Amino acid sequence: MGQTIIEKIIQLHSKDEAVSGRIVWMDLDIRSARDFGGPNVVKHYEREYRDSPLADKSKTFFTFDLCAPACTLKYADNQQACRDFARRHGIEVFDVDRGIGSHVLIEEGLARPGSTIVGTDSHMNVLGAVGCFGQGMGDVDIAFAFKTGTTWFEVPESVKVVLIGKPSAATDAKDLTLFLGKELGTKKIALRSAEFYGETVKDLGLAGRITFCSMITEMAGIIGFIPEYGAELAGEMKRFSGRAFSPASADKDALYADSLKLDVTGLPPQVAVPPSPNSVKSLAEVRGTRIDSGFIGSCTNGRTEDFARAAEILRIRKVKKSVMLKVVPATRRVYEELLKRGILETLFESGAIVVNPGCGGCAEGHVGLTGKGETQISTGNRNFPGKQGKGRTYLASPAVVAASCVAGEIAGPEDL
Amino acid sequence: MEKDIRQGRIWVLLDKNGKIIEDIDTDQIYHNAHLHITDIAEMGQFALGNLEGWTDFPKKCQGGDIIIAGRNFGAGSSRQQAVDCFIALKVNALLAPSFSAIYFRNAVNSGFPVLGVRDLESLIAGKKFVSGDVIRFDVKTGQAENLSRGIPLKIEPMSSVQYEIFKAGDLFKYGKTLT
Ligand code: SF4
Numbered sequence: 001m002g003q004t005i006i007e008k009i010i011q012l013h014s015k016d017e018a019v020s021g022r023i024v025w026m027d028l029d030i031r032s033a034r035d036f037g038g039p040n041v042v043k044h045y046e047r048e049y050r051d052s053p054l055a056d057k058s059k060t061f062f063t064f065d066l067c068a069p070a071c072t073l074k075y076a077d078n079q080q081a082c083r084d085f086a087r088r089h090g091i092e093v094f095d096v097d098r099g100i101g102s103h104v105l106i107e108e109g110l111a112r113p114g115s116t117i118v119g120t121d122s123h124m125n126v127l128g129a130v131g132c133f134g135q136g137m138g139d140v141d142i143a144f145a146f147k148t149g150t151t152w153f154e155v156p157e158s159v160k161v162v163l164i165g166k167p168s169a170a171t172d173a174k175d176l177t178l179f180l181g182k183e184l185g186t187k188k189i190a191l192r193s194a195e196f197y198g199e200t201v202k203d204l205g206l207a208g209r210i211t212f213c214s215m216i217t218e219m220a221g222i223i224g225f226i227p228e229y230g231a232e233l234a235g236e237m238k239r240f241s242g243r244a245f246s247p248a249s250a251d252k253d254a255l256y257a258d259s260l261k262l263d264v265t266g267l268p269p270q271v272a273v274p275p276s277p278n279s280v281k282s283l284a285e286v287r288g289t290r291i292d293s294g295f296i297g298s299c300t301n302g303r304t305e306d307f308a309r310a311a312e313i314l315r316i317r318k319v320k321k322s323v324m325l326k327v328v329p330a331t332r333r334v335y336e337e338l339l340k341r342g343i344l345e346t347l348f349e350s351g352a353i354v355v356n357p358g359c360g361g362c363a364e365g366h367v368g369l370t371g372k373g374e375t376q377i378s379t380g381n382r383n384f385p386g387k388q389g390k391g392r393t394y395l396a397s398p399a400v401v402a403a404s405c406v407a408g409e410i411a412g413p414e415d416l
Numbered sequence: 001m002e003k004d005i006r007q008g009r010i011w012v013l014l015d016k017n018g019k020i021i022e023d024i025d026t027d028q029i030y031h032n033a034h035l036h037i038t039d040i041a042e043m044g045q046f047a048l049g050n051l052e053g054w055t056d057f058p059k060k061c062q063g064g065d066i067i068i069a070g071r072n073f074g075a076g077s078s079r080q081q082a083v084d085c086f087i088a089l090k091v092n093a094l095l096a097p098s099f100s101a102i103y104f105r106n107a108v109n110s111g112f113p114v115l116g117v118r119d120l121e122s123l124i125a126g127k128k129f130v131s132g133d134v135i136r137f138d139v140k141t142g143q144a145e146n147l148s149r150g151i152p153l154k155i156e157p158m159s160s161v162q163y164e165i166f167k168a169g170d171l172f173k174y175g176k177t178l179t
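Keeping their order, the protein sequence lines are chains A and B. When we follow the working numbering, the leftmost residue of the first sequence carries the number 1, and every step to the right adds one. When we follow the working numbering, the leftmost residue of the second sequence carries the number 1, and every step to the right adds one.
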């Protein structure tokens with residue numbers, strides 16, 4: 001019988017038969033821990049395995065991105081505990097200067113098509129963007145993976161989703177993603193792997209794919225893949241890894257649990273309204289909602305292309321005086337590109353607060369919170385109550401966030 | 001096996017309209033403001049600390065109680081604390097129609113019983129699960145009973161890996177039985 005993409009990838013890493021519904025033991029190409037979760041991984045490891053060596057230190061990493069650099073004493077202690085452990089075991093640390101762990105793994109060429117990666121980051125499945133099976137896990141799982149290099153996993157069923165039609169010219173990958181969340185909710189791909197087909201998604205480059213795949217978590221899915229790709233993506237991936245890009249594709253007779261068609265013809269820009277990333281409306285329905293602050297960044301929209309799009313809008317405009325716009329590049333590499341291309345300057349001059357790379361602005365605590373009564377518009381992936389403070393958060397594309405920050409109310413570039 | 005049988009008073013997580021709460025995310029279970037805490041004993045006081053109507057849960061909960069929640073429980077982040085906070089309160093088990101993948105793994109790996117219940121809404125509507133009732137179930141067979149009302153019930157039993165880890169105590173102990 002034919003195999004889906006997830007079955008193929010797991011099969012390459014398991015002696016057990018990788019058929020959906022089965023629990024198999026799976027070898028892991030990379031296991032990583034962040035500054036949150038990491039200290040607990042260390043604690044578990046030392047309690048359970050003392051000084052005994054890791055399964056493979058060259059496949060084990062720490063990535064610090066959540067609170068970078070540490071803004072509380074506790075985080076500083078926790079990061080240092082990880083660094084000390086890393087030194088003792090000879091593990092590489094992508095430290096607080098590097099940015100969001102999952103993105104760093106792509107840039108370092110470590111996240112490759114067909115590989116298996118786990119980490120203490122619930123958005124590790126963003127790696128589906130490059131055909132890699134990434135999966136977020138808790139600290140017990142990761143400590144076990146550090147030691148054994150394996151994990152148990154129930155091979156998920158797969159859903160085939162075909163996007164038909166051409167969205168309106170004003171939309172980008174984020175609008176598609178939010179629309180997807182609206183249509184799929186947390187039920188249709190829950191605990192499943194999703195494969196997305198259709199011209200619109202095929203044409204997405206790395207940044208767009210990252211945006212698209214990053215929010216599978218919010219739809220309760222295991223991972224999402226976009227099997228068809230263009231030359232742009234292949235080129236980008238080769239630059240990172242030095243290898244030809246050759247992701248797995250599903251067999252023609254692969255078995256799917258469900259098959260869905262979504263018509264995106266003429267889709268206008270989308271906005272997720274609080275309190276859920278899947279309660280999505282069209283921009284037209286929320287246009288004019290007053291905002292106090294904006295945020296561009298996160299593992300969903302923290303790539304160079306995202307900031308370039310915002311800069312196009314902010315080049316000849318200013319962020320409204322009453323609005324605070326926070327800009328956080330995903331990684332140091334992105335930061336460098338923004339610097340060299342003059343994008344940082346544009347954003348700075350428009351009035352934005354530009355800070356160092358990482359999860360700031362998405363994770364609560366770093367780069368500020370929202371206060372009671374504050375309304376924020378964000379390119380992040382979550383707007384659950386309390387996620388970034390007490391305020392209300394709308395989710396949108398970089399273009400809509402930038403335009404809204406100029407207007408002082410939710411708006412698209414065409415409204416300016 | 002005795003450990004297989006769980007018994008306790010239930011808390012059905014209903015909203016103010018009496019509807020079972022679905023998609024409870026990890027920030028509602030254990031808010032990220034407390035993520036720096038690494039000592040399990042300190043985590044109990046924050047359990048459900050951001051879930052409307054249930055913020056006083058740590059005060060109401062007694063050791064041995066069982067929580068019943070709506071589908072997709074534990075959505076959101078990978079934080080183990082969202083499981084550990086219940087372990088800290090000595091919660092006996094957690095039942096829901098489904099859990100987020102990461103949450104489910106975290107619970108399984110900690111040896112904390114999380115089990116599926118089908119048709120939860122109709123069970124609640126049929127007054128088969130009412131907060132305060134005492135229920136008993138067998139994690140291996142899924143045989144269950146509402147003792148307060150004398151109603152037999154069925155829940156989904158553990159899978160074999162889940163049961164093996166549960167029996168060993170946690171993933172680490174289970175791992176050591178393999179080598
Ligand atoms: S940006 Fe936010 S969602 Fe993404 S990895 Fe960082 S904390 Fe998680």
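Hints listed in this document are in silico derivations from the structure and should not be mistaken for laboratory results. Small disclaimer: the values here were computed from a predicted structure and weren't measured. Treat the hints with care, as some may be off.
Unchecked claim - In the DMTMM-like style, the derived pairs of lysine to aspartate or glutamate whose C-alpha atoms are separated by at most 20 Å in a straight line are: (1) Lys43(A) x Asp39(B); (2) Lys187(A) x Glu121(B); (3) Lys176(B) x Asp27(A); (4) Lys173(B) x Glu48(A); (5) Lys173(B) x Glu46(A); (6) Lys176(B) x Glu107(A); (7) Lys238(A) x Glu337(A); (8) Lys140(B) x Glu154(A); (9) Lys188(A) x Asp56(B); (10) Lys182(A) x Glu22(B); (11) Lys147(A) x Asp56(B); (12) Lys390(A) x Glu121(B); (13) Lys43(A) x Asp170(B); (14) Lys372(A) x Glu2(B); (15) Lys188(A) x Asp119(B); (16) Lys59(A) x Glu107(A); (17) Lys176(B) x Glu337(A); (18) Lys187(A) x Glu22(B).
To see whether the hints hold, each was checked on the structure:
With a C-alpha separation of about 10 Å, the suggested pair Lys43(A) and Asp39(B) falls inside the 20 Å cut-off, and the hint holds. As the CA atoms of Lys187(A) and Glu121(B) are separated by approximately 16 Å, the hinted pair is consistent with the 20 Å bound. Restraint check for Lys176(B) and Asp27(A): the C-alpha separation of about 17 Å stays at or below 20 Å, so the hint holds. The suggested pairing of Lys173(B) with Glu48(A) holds, with an alpha-carbon distance near 9 Å, which does not exceed 20 Å.
Proposed proximity of Lys173(B) and Glu46(A) is supported: the alpha carbons are some 14 Å apart, at most 20 Å. Proximity of Lys176(B) to Glu107(A) is assessed by CA-CA distance (about 36 Å); at most 20 Å being required, the pair is judged violated. A hinted pair counts as satisfied when its Cα atoms are at most 20 Å apart, and Lys238(A) with Glu337(A) qualifies at roughly 18 Å. Annotation: proposed proximity of Lys140(B) to Glu154(A) holds, straight-line Cα distance about 18 Å (limit 20 Å).
The hinted pair formed by Lys188(A) and Asp56(B) fails the criterion: a straight-line CA distance of about 33 Å is larger than 20 Å. With a CA separation close to 16 Å, the supplied pair Lys182(A) and Glu22(B) stays within the 20 Å bound. Distance restraint check for Lys147(A) and Asp56(B): the Cα-Cα separation of roughly 39 Å exceeds the 20 Å cut-off, and the hinted pair is therefore not satisfied. Under the criterion of a C-alpha separation no larger than 20 Å, the hint pairing Lys390(A) with Glu121(B) is inconsistent with the structure, at around 31 Å.
Taking the CA atoms of Lys43(A) and Asp170(B), the gap is near 15 Å; set against the 20 Å cutoff, the hint holds. Straight-line distance between C-alpha atoms of Lys372(A) and Glu2(B) comes to about 49 Å, which puts the hinted pair past the 20 Å bound. Restraint check for Lys188(A) and Asp119(B): satisfied, since their Cα atoms lie roughly 17 Å apart, inside the 20 Å limit. A threshold of 20 Å between alpha carbons decides the hint, and for Lys59(A) with Glu107(A) the separation of about 16 Å falls inside it, so the pair holds.
At roughly 47 Å between alpha-carbon atoms, Lys176(B) and Glu337(A) are farther apart than 20 Å, so this suggested pair is violated. Pair hint Lys187(A) plus Glu22(B) holds up; C-alpha atoms about 11 Å apart against a cutoff of 20 Å.
The structure does not agree with the numbered hints 6, 9, 11, 12, 14, 17 stated previously, though it agrees with the rest.
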